[in-house]
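Novice: Hey, can you work out the whole structure from these sequences and the hints?
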Amino acid sequence: MNEKPHLDEEALAELQDVMEDEFSVLIQTYLADSRTRIHGLHDALAAADSDQLAKAAHSFKGSCFNIGAPRLGAFCFELEKLGKNEQLEKAPEVLEAIEEEFQDVARRLENFNE
Amino acid sequence: MNILIAEDNDSDRMILATLIRRLGHHVQEASDGLEAVSSFVKFQPDLVLLDALMPRMDGMEAARRIKALGGVRFIPLIFLTSLSNATEQARCLDAGGDDFLVKPYNRVILEAKINAFNRMRSLHQAVSEQRDHIRRQNERMLEEQRAARRVFDNVAHTGCLNAPNIRYHASPLSVFNGDVLFASRRPGGGTLLFMGDFTGHGLPAAIGAMPIAEVFYGMAAKGFGAADILREINRKLCSILPTGMFCCGVLLEADSKQSAIRVWNGGLPDGWLVRKNGDRVAIPSRHLPLGVLPPDRFVASMDILDALSGDRVVVMTDGFPESRDDQGAPFGETGVRRVLAGLQPEEHPFDALMEHLQRFTGQPAPADDITLCSLEVVTGSVAPEIFEKTPASSLSGPGNWHCVYEIRERTLADFNPLPLLLHICMEVPGLRRKSGEIYTLLSELYNNALEHGVLALSSEWKSSAKGFSLYYQERKRRLSETEGHYIRFTLDHESRPDAGRLRIRCEDSGQGFDAESQGARAPAGTGPGNGYAGRGLEILKRMTQELNIYGAGNCVEIVYDWEFPNHGLQSS
Amino acid sequence: MPIETRLSEDGQTLVIQVQGRFDFSTHQAFRDAYEHCDPSVKSYVIDLSGTTYLDSSALGMLLLLRDHAGGDSASVVIENCNADVRRILSISNFEQLFSIC
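Protein chains in written order, with our numbering: chain A, 52 to 165; chain B, 135 to 706; chain C, 14 to 114.
Just to be clear, a hint being listed does not mean it is correct.
[To be verified] Derived coverage of chain A by chain B (criterion: at least 3 residues anywhere in the stretch with Cβ under 8 Å from a Cβ of chain B; other residues may be distant):
| no. | segment |
| --- | --- |
| 1 | 64-74 |
| 2 | 77-88 |
| 3 | 105-113 |
Hints listed in this document are in silico derivations from the structure and should not be mistaken for laboratory results. Glycine included, every Cβ here is placed at the ideal spot set by N, Cα and C.
Specialist: Here you go:
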């Protein structure tokens with residue numbers, strides 16, 4: 052379904068270079084933010100609000116790409132498309148994939164940090 | 135630069151802010167649209183980076199408000215978006231965005247865009263400053279022009295324009311349109327009127343007016359005739375105006391004693407003589423405008439029109455016929471002709487023309503470019519002393535002197551000695567107030583000597599209005615045959631305590647005339663039509679202490695006494 | 014282009030054509046037309062067939078050309094005037110200075 056890597060090492064290295072001492076703060080911020088966003092996705096789905104789902108997925112997608120989590124970002128994009136096309140039946144499956152992928156990414160990022 | 139970032143995603147915002155700070159700029163952060171707008175007001179950034187989708191107020195709406203708040207300043211606005219399709223991106227730009235930046239943020243592109251927009255912003259600012267500078271310069275220039283215009287007005291529309299027989303409309307203070315209108319009484323009676331239209335607009339057009347005004351009024355006061363004034367105006371304009379600039383003009387000379395008007399039109403639209411009986415005579419442009427031909431080629435010859443008391447002459451610059459209605463059609467010379475053809479018996483042509491033009495253009499107030507003037511012929515006795523421009527001199531002058539001035543043969547045709555003779559008399563301070571009377575005396579003596587003495591013209595010809603034109607034609611012809619003739623003036627002045635006695639003797643080489651029989655034919659007190667010479671002698675008798683006629687009648691001498699007014703007595 | 018020029022075959026006559034309004038805006042182009050022409054040009058023809066309107070600054074430009082071309086000895090012919098243009102030239106009595114056809 053998704054051939055992209057979990058982490059874009061090159062992008063992360065660049066971020067490290069840019070953020071310097073702030074890098075770990077950035078990672079923590081991202082992780083905290085992402086958890087909130089995933090809650091938001093659940094809420095939207097529960098409310099069957101496809102528009103809200105699309106918007107939230109779109110937003111989350113952006114930050115995933117920025118941080119260098121391309122596979123997670125791609126999942127978000129799929130969810131966004133489903134929301135746009137009002138095809139909510141397939142949504143729970145993709146949301147689950149997102150949850151799983153996020154766990155993976157979180158672990159890898161924390162390792163990267165050390 | 136000061137840069138405002140509005141991005142709701144915390145981690146994205148962190149990344150962007152850090153990237154930009156590392157480029158050396160100051161960063162202000164906002165996390166939604168509402169905060170973005172208020173931060174914009176408080177922080178006054180030079181550049182704004184705005185996420186397209188945000189809670190509370192989305193990016194598009196925030197963009198619109200921020201652009202509106204920016205006003206005339208150029209604040210570049212860059213949308214942050216992961217929107218990938220073209221329609222969405224176009225919407226960003228329509229909402230006021232100047233560009234967009236795609237996530238993930240690329241450091242290199244971000245820096246390049248910020249720099250590019252900074253350059254654009256600087257350029258915009260430079261242009262705005264230049265525009266403001268130009269606007270200020272322009273206002274200063276307009277102010278200077280207004281001041282110059284006030285000076286110009288003291289010069290351009292003056293003289294005896296407020297005389298009862300003159301009606302005029304000239305452009306108001308707001309516009310320099312190069313039109314001038316001068317009017318002056320002549321010493322000895324009559325009016326000179328000059329209307330001019332300088333090429334171009336504004337200052338260059340107006341500048342020519344001042345020296346011309348000096349020439350006109352100076353020469354008119356000294357008693358110079360219209361042709362001399364025209365020649366001098368032309369000479370002056372040739373010397374001061376660059377090639378390609380000139381003055382279209384009309385000069386009218388109305389003599390209050392004679393039933394005639396002399397006219398010269400060089401480049402202005404047709405003027406019109408509107409007789410009291412309704413007849414109309416056109417006064418078309420027959421000459422090149424003033425300032426074109428060099429003095430040796432300039433033609434100052436004037437046309438003579440018979441004119442009786444109550445007849446009116448109307449002259450205008452091209453602004454009048456060129457006035458347009460709301461369709462853009464001009465009033466035209468045909469319009470003028472139509473109005474004059476349809477005049478009612480008691481209707482004044484000036485009023486009729488102004489009224490019709492106003493109706494035609496539909497404008498309540500006349501346009502700025504209109505210069506229209508009418509002069510009514512007023513015949514009768516010598517006009518009262520009204521001088522606007524006689525310079526007052528405080529120098530003392532010669533009290534006892536004697537001078538003989540003789541002109542001969544061809545000079546009789548080419549030269550008018552009156553201004554010079556008047557000038558000599560005006561050197562006497564006590565006579566300066568009397569320039570009109572002195573001029574009249576000199577002029578009566580001279581014309582008598584020239585026309586009846588040397589040229590042997592009969593004054594009976596002038597008893598009819600038509601006769602005047604014939605008279606002048608014959609006069610012109612006989613002036614070319616003056617071999618052996620002369621006119622000699624002998625002036626003598628004797629000063630007395632606060633008074634003086636001026637003696638003027640005028641001799642001519644003619645056959646003389648029978649003063650007795652002339653006097654008998656024209657008893658004192660009778661009106662015009664009794665022969666010019668008779669009337670002339672009456673005037674001389676009335677104005678002087680003594681009048682003596684010697685020889686065969688070709689030598690006339692007058693004695694003129696004067697006193698300073700403090701002593702109560704008026705002279706003569 | 015408001016001003017167009019062409020040279021006669023023998024190179025001695027310069028024809029200057031003015032299109033549209035002959036007024037202050039044509040000033041520079043008109044001057045350039047005759048100031049930078051071939052020195053062998055001895056006479057000038059101003060073709061006003063396309064000229065709709067002439068104002069006093071155009072009259073001034075004609076005087077400048079005449080001056081440049083030798084003043085009294087200049088050979089300047091103005092041709093193909095429409096009625097309005099003809100009238101303006103006639104009021105100013107310019108036929109006393111130019112040949113007008």
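Novice: Could you run down the list of hints and mark each one as holding or not?
Specialist: Consistency of the hints with the structure:
1. 64-74: Holds, because 5 residues of the segment 64-74 of chain A bring their Cβ atoms closer than 8 Å to Cβ atoms of chain B.
2. 77-88: Satisfied; 5 residues make the cut.
3. 105-113: Holds, because 5 residues of the segment 105-113 of chain A bring their Cβ atoms closer than 8 Å to Cβ atoms of chain B.
In summary, this structure violates none of the numbered hints.
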